[in-house]
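6 protein chains.
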Amino acid sequence: MIVRPSFLWQQQTDGDLKIKDWIRYDDDTPHATMLGIPFARASISASGASEFPNAFRRTWDSFTPYYVDEMIDFSPYRLCDIGDVLLHATDVTKSHAMMEEAMMYVIERYDKSLYTTIGGDHSITAPLVRALKRAHPTKTIGIIQLDTHFDLRDFSQGRTNGTPIRQLVEEDIVKGRHVVNIGPHGFYNAKSLIEAAQHYGVHIIPLKQMRSLGIKQTVAHAFSLLDVDLIYVTVDIDVLDIAYAPGVPAATPGGMRSNELFSLLFEIGQRDITAIDFVCIDPLRDVANMTVKAAAYAYFTFIAAQQKRDME
Amino acid sequence: MIVRPSFLWQQQTDGDLKIKDWIRYDDDTPHATMLGIPFARASISASGASEFPNAFRRTWDSFTPYYVDEMIDFSPYRLCDIGDVLLHATDVTKSHAMMEEAMMYVIERYDKSLYTTIGGDHSITAPLVRALKRAHPTKTIGIIQLDTHFDLRDFSQGRTNGTPIRQLVEEDIVKGRHVVNIGPHGFYNAKSLIEAAQHYGVHIIPLKQMRSLGIKQTVAHAFSLLDVDLIYVTVDIDVLDIAYAPGVPAATPGGMRSNELFSLLFEIGQRDITAIDFVCIDPLRDVANMTVKAAAYAYFTFIAAQQKRDME
Amino acid sequence: MIVRPSFLWQQQTDGDLKIKDWIRYDDDTPHATMLGIPFARASISASGASEFPNAFRRTWDSFTPYYVDEMIDFSPYRLCDIGDVLLHATDVTKSHAMMEEAMMYVIERYDKSLYTTIGGDHSITAPLVRALKRAHPTKTIGIIQLDTHFDLRDFSQGRTNGTPIRQLVEEDIVKGRHVVNIGPHGFYNAKSLIEAAQHYGVHIIPLKQMRSLGIKQTVAHAFSLLDVDLIYVTVDIDVLDIAYAPGVPAATPGGMRSNELFSLLFEIGQRDITAIDFVCIDPLRDVANMTVKAAAYAYFTFIAAQQKRDME
Amino acid sequence: MIVRPSFLWQQQTDGDLKIKDWIRYDDDTPHATMLGIPFARASISASGASEFPNAFRRTWDSFTPYYVDEMIDFSPYRLCDIGDVLLHATDVTKSHAMMEEAMMYVIERYDKSLYTTIGGDHSITAPLVRALKRAHPTKTIGIIQLDTHFDLRDFSQGRTNGTPIRQLVEEDIVKGRHVVNIGPHGFYNAKSLIEAAQHYGVHIIPLKQMRSLGIKQTVAHAFSLLDVDLIYVTVDIDVLDIAYAPGVPAATPGGMRSNELFSLLFEIGQRDITAIDFVCIDPLRDVANMTVKAAAYAYFTFIAAQQKRDME
Amino acid sequence: MIVRPSFLWQQQTDGDLKIKDWIRYDDDTPHATMLGIPFARASISASGASEFPNAFRRTWDSFTPYYVDEMIDFSPYRLCDIGDVLLHATDVTKSHAMMEEAMMYVIERYDKSLYTTIGGDHSITAPLVRALKRAHPTKTIGIIQLDTHFDLRDFSQGRTNGTPIRQLVEEDIVKGRHVVNIGPHGFYNAKSLIEAAQHYGVHIIPLKQMRSLGIKQTVAHAFSLLDVDLIYVTVDIDVLDIAYAPGVPAATPGGMRSNELFSLLFEIGQRDITAIDFVCIDPLRDVANMTVKAAAYAYFTFIAAQQKRDME
Amino acid sequence: MIVRPSFLWQQQTDGDLKIKDWIRYDDDTPHATMLGIPFARASISASGASEFPNAFRRTWDSFTPYYVDEMIDFSPYRLCDIGDVLLHATDVTKSHAMMEEAMMYVIERYDKSLYTTIGGDHSITAPLVRALKRAHPTKTIGIIQLDTHFDLRDFSQGRTNGTPIRQLVEEDIVKGRHVVNIGPHGFYNAKSLIEAAQHYGVHIIPLKQMRSLGIKQTVAHAFSLLDVDLIYVTVDIDVLDIAYAPGVPAATPGGMRSNELFSLLFEIGQRDITAIDFVCIDPLRDVANMTVKAAAYAYFTFIAAQQKRDME
Ligand SMILES: [Ca+2]
Ligand SMILES: [Ca+2]
Ligand SMILES: [Ca+2]
Ligand SMILES: [Ca+2]
Ligand SMILES: [Ca+2]
Ligand SMILES: [Ca+2]
Ligand SMILES: [Ca+2]
Ligand SMILES: [Ca+2]
Ligand SMILES: [Ca+2]
Ligand SMILES: [Ca+2]
Ligand SMILES: [Ca+2]
Ligand SMILES: [Ca+2]
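These protein sequences, in sequence, are chains A, B, C, D, E and F.
Add 6 to a position in the first sequence, counting from 1, and you land on the number used in my numbering.
Add 6 to a position in the second sequence, counting from 1, and you land on the number used in my numbering.
Add 6 to a position in the third sequence, counting from 1, and you land on the number used in my numbering.
Add 6 to a position in the fourth sequence, counting from 1, and you land on the number used in my numbering.
Add 6 to a position in the fifth sequence, counting from 1, and you land on the number used in my numbering.
Add 6 to a position in the sixth sequence, counting from 1, and you land on the number used in my numbering.
These are computed hints drawn from the structure, not numbers from a lab.
You can take every hint at face value.
One copy or two, either will do: identical chains are not told apart, so a pair holds if it fits within one copy or between any two.
With a cut-off of at most 25 Å between alpha-carbon atoms, the simulated BS3-like pairs for lysine-lysine come out as follows:
| hint | residue 1 | residue 2 |
| --- | --- | --- |
| 1 | K314 | K24 |
| 2 | K214 | K314 |
| 3 | K139 | K100 |
| 4 | K181 | K145 |
| 5 | K118 | K145 |
| 6 | K197 | K314 |
| 7 | K314 | K222 |
| 8 | K197 | K24 |
| 9 | K181 | K197 |
| 10 | K24 | K214 |
| 11 | K314 | K118 |
| 12 | K181 | K139 |
| 13 | K214 | K197 |
| 14 | K139 | K118 |
Given the sequences, and given the hints that come with them, work out the whole structure.
Okay, here's the thing in structure tokens:
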């Protein structure tokens, strides 16, 4: 169901500590688990996001567990790479079920951990949150979504990366008003989707509004909207501007600068978060590996924030 | 004189409305016309800007007529793609004359419309404005230019993309003081051109000044300088930073971020504008299609602003 | 020891003045010298920074000696390209010694000039500053470093581009407290290096802090920390974000925007500066030549600031 | 079931005849139909082959219906672009069924035509041949496969682009001995697949053998092995060397040169062929559009050969 | 009329002799002149061929005047870079006239030399041959053309890179039967151009025919067709396959391999040749600089052959 | 001295056997050892060849131990990845000594094995052969070199990648007449190097000669020249044409096609070979990873040939 990572870093105990040396492959009680989902078959546009879990792992020799901006040493934080979900070669429905079961297993096996997931296309969020709900049926779940798109498409034609939020709301796993999407902009959501957002009560904070509010205030506002028990964060890297993140299936101009995303995640990461995923990074169409690196930077900014929170 | 677009989108009436479905190919009284000028022969540096009209059209399946940032539905706006100007294969002077005649025809044929033109290199602006003056000989014309360069070169050596403003001023079609150029920066205008700007009274608002003023204030200031009857806007995409727009013949660092350009156009677009052009986008040297997409985004931001203005 | 540039621009006296026409190849009393160091052999990661001096020279036909942002004409400023240091093909120690001797020669030969150096990897800074100290043994030297990294690695394993600051401090050429590094961010300095910075008293101003202070205030603060006789500025272009500068050996997201770097250099350049270097630009892995152009833009912004200062 | 092409070329009757002008959109009795299958969801490795039908159509302004090598004017040949198969967004099984039904429809509707199909990934071949068998249940079908891979993987884990030949043989639609694969080479077929080829009696002509036989002799030999009623040709562009065709999901060195592929298709095309497909071209990872162009060249070489055969 | 090269190599007398050291800038009686024509304004498709003369010059530090394949030391050969033709910024007709005058001047000034010209787009061939005819009005001129295209387009719509052969034949400067084009292939010449070739009696040797004849025999055959006084060779680099030469405006698959072009030029170069040009190399869309390098390699292969001929 | 590979593949025992599953990490008596030398500091031109050992390892999930061209199953062959040589960060002389010691250790530790080495730049060959001589002082060593260059430069200025053969010959480790270089072509060896080859008696078989002889005959001829006890093969991937191998520091047109290199290695590999290295592959400037893949293909072709030889 979950297989070991396809390659393991040789870890060094002397010399400067890199993420590759600090990551754990076997830890029963980590602060956080990292689960890979090498799956891009439900992406509307052609996507190599299935390559991202390993592309992410390959960045680990150029990152350290120390965050200079805030002078946070997160080497005490225990992050365990538990491997990748095993998937079906063509059956999307079955693959989604396998992710859901894998997530159930992780939640039970590591019940005190933060659950981080490395996608994969955005369709993975639906089974992951569904598993969280199954594990905590009485708890209400809120979603902080960072995305250029609403992902509220009708899924009668398939559970694609354009539908995860709609699925969760229609299946009553998450209430529409418990979803806050930060970052939409431009001309990438048809009017019918705007109407869907209004219909379900999903909160949309366009990028322009985020900028006029400021990042801290935006995050505070988003959390104030979420009167829930558990928070799930989903980061679609296509929220970034194409100049910063050309390596996504639907890259757009007019998006966030990467430092804005990092600031958002540093704010969000200082809160109680149950799970987070990073999706829609396509290493095959990246330029100078910049999107892969930005996603890794975003991930570790969030981890640094969690460490700061634990210290306080 | 004007030929139909070289390809036509198959338009769908069901499903989410995309720009490709919304664009009109036949409309006698559109809010705006869109005319392509596939011409790059007068560019000083080698340019594939002649490829842009079709590259622009090809983006239309990834844009919708809904602008999320300001929640503007511009699907009621009628934009008609009237095709491309037919040009001579090598005779620049004749080609410029053909553009001028085509523009004359468009102004007469669609006399209530906004005229939008998709270049092409910047040399096209001179014949387009000349046509506007011929159609409205008693009206004064002001130009808002967004550009890294002044385009005030002496044209004794040819009417290139470095000369359109100088042509218009010397021919007394537009007064120098009725030109406001927003965005110049860096080391890309020789001293002789600065002196030309001073001589003609052209207003230069360097990017640094724009940033210290703020975008709304910059636009208000620019319009306050223009006591004219008709406003022509010309957008040279090389005003953008090379990180956002590598696909121009003379890309430079230190330029505008694309969101600044979009904000400028959203402000400008809420005013009375007679015509606008977008020039110097070279799809052949683009990276990840980002410049083409940024120019399309800029274009539709302007259209959304026009819709907002019409609604108010 | 120093050889003429490997190619010389044909200089024009008519037409618009470009940098290529304005640069001097022979001037005994220039305002500034420009020395190339085509050396990348001490870079930890594979680097083509040895190609940068000539790549920089090749940009000179697209820059002019006029800075539009501040309307500064620096054509009166005399900048002399004195050529490149001759180096050994494999012996890093010998090559470093050759740079030191070349710098000694330049300081003596052009004793009234500003010394600008075009690297090369960051290891070159140590011999350059060492030469400056030898020439001015009684003077205290301060360093303004713009860098993502501290360059404080232990050099027992070689004097690489990760060690120049450590070398200078350990050799007591510069005091740790006389070094101010502006721009570090993210996850690119191991904890041991943070501890080294603290140990030596090197001042670190992370990018996030620079942004909250503002650029003018940051520069003022940096200079207030430096109670020294001579200021040496070292600009590692990897301080820029990978979206603006993919052409460096260790490009990272989360770095400076190029306009921030230009503003820093415009502030710094208005002060008394003895020498400056630009390092770690790798033209071989650049995208759309944007990093090379950004480094050239940064260089001339500094020169424009020097001209402004001379005028005042 | 089949939708019109998403864009239509504006066709010119004067000037030089290009493929775009010659292609037919409505013809009841064409010599050949062209059907697009924008489907890449069953590709084992990430693939943008779904983009190829339109990328192919976009090349039509740079090809003419005249083949210089053999001085063949194929403008009399009537080729009709009948559009694309409509597919499900995620359900691979349903999409495969939709292709099969579409192919059934085409065979019935255009019963005298050659059927050409533009993929898409290689999984499409199985439903297409299945349809052919359903339409001609008493006829034996032979397959000429040009491919680096055998496509004989076990499909218990999904009907991917690695399985079409295995599917057809196991379902007894085509006999193993009625399959000839020309072009395999190198290290890209595991031993278990070599054993499968032997087990099913599939004929493998490695590239090295093809080169020692010569192309005409190889084709003659291949046809001599096929004592069948109908011939189906399937061209996996990954049979080409990566230097000629980087734009495929699994590009390899050591493959065919493009002129060898063209010669093969010119030989094959002079025979009685019932249907042909071109698969696994991924425009998203192409370099200089060379793979897309090579596939188009291959396609029209085959058509030219058909014209030659019709003339004789 | 002719200006010095825009940059000059610093030449070394010690160390290994490179082309940059061996090239002459001032020689009254060179074996050959090299004239640059930085002109691409008459190219039908967008072209950066105007950048090639300098791109060619920049390769000179990686080539030596020794040809290993045939052990030919051509360092005794005197090749003089006489600079570039000065051109008009937009007037194609005037620019063509300026080339013609420049060529007249070169022929008179260096009357014993071989004339080599570095384009530029293919339109330059017409004025160059016209000058040759003017200088030698009683001599018959033959053309060996290496090209994918016939360049026999009707020039009523402009004297583009698609028309030079037609111009020369219609103006009776060269007879149609004195033109041999080696290398056309594929689908890149419309039927009307095939008819034009037949009408004018231009000899077409398609690539396929060249390969079946062999290169030596092809060259012998071509020369046997040319019963003329002077031979002009024109090399359109788009005769190469796109895998070898992506950096041309109309790159095609199915073309020559570069070693075939080199062999052709080595054969041709051993004959009496009056002039040669190399056209349609676009450095701006090259990949890994491979087209620029291939064109330089082709050029020096021809020079090596001339040296061999001189020695014999 | 030798460190484990920086990452280890997770190996699978079920499913299709890939190279990643078949490679051994611990085997005392392998048929062959594989040693990585991540070293590019002695390359004359900037090189990322230090990245190749790991880039090579990363290809192992797309290759199988079965060679289709000759139907050779080399899964019984035992290849052991023994890791990488530990090197000094800047001291080239020390690093070369470390390689020599590592090679000594390998020869002693695995005395029955073939020694394969993955570079690294070409300077590594000198210490590797020196170690071989030290281990077998009474044996004569012959070198088969596949290279565009002679590597006979004078090393008084450093032991670069341009000098290994000269070093070995001058140190009398290998006699000049015991070196056969297959593949030089074009303009990439100065006359002084041709003279050096003649002086030392090194055999040069230019590519053109290889092609006229045929590959089998060339190899037979090369071995007939080598009346030695041990054969060392060194493969500089820059022997390939730039169209096939853009990812080398000095890529040239006019080189070998990759299938020619593979055929050479298949012939050579069926002989008694003591050691082989593959050098000068620079993954950082590769296009579509084609050079890395070609080098891996070359490597496994050689291994397949060794297996064939062992079987016979
Ligand atoms: Ca999403
Ligand atoms: Ca999204
Ligand atoms: Ca302009
Ligand atoms: Ca401009
Ligand atoms: Ca540094
Ligand atoms: Ca740094
Ligand atoms: Ca296949
Ligand atoms: Ca295949
Ligand atoms: Ca031509
Ligand atoms: Ca041509
Ligand atoms: Ca070598
Ligand atoms: Ca070599």
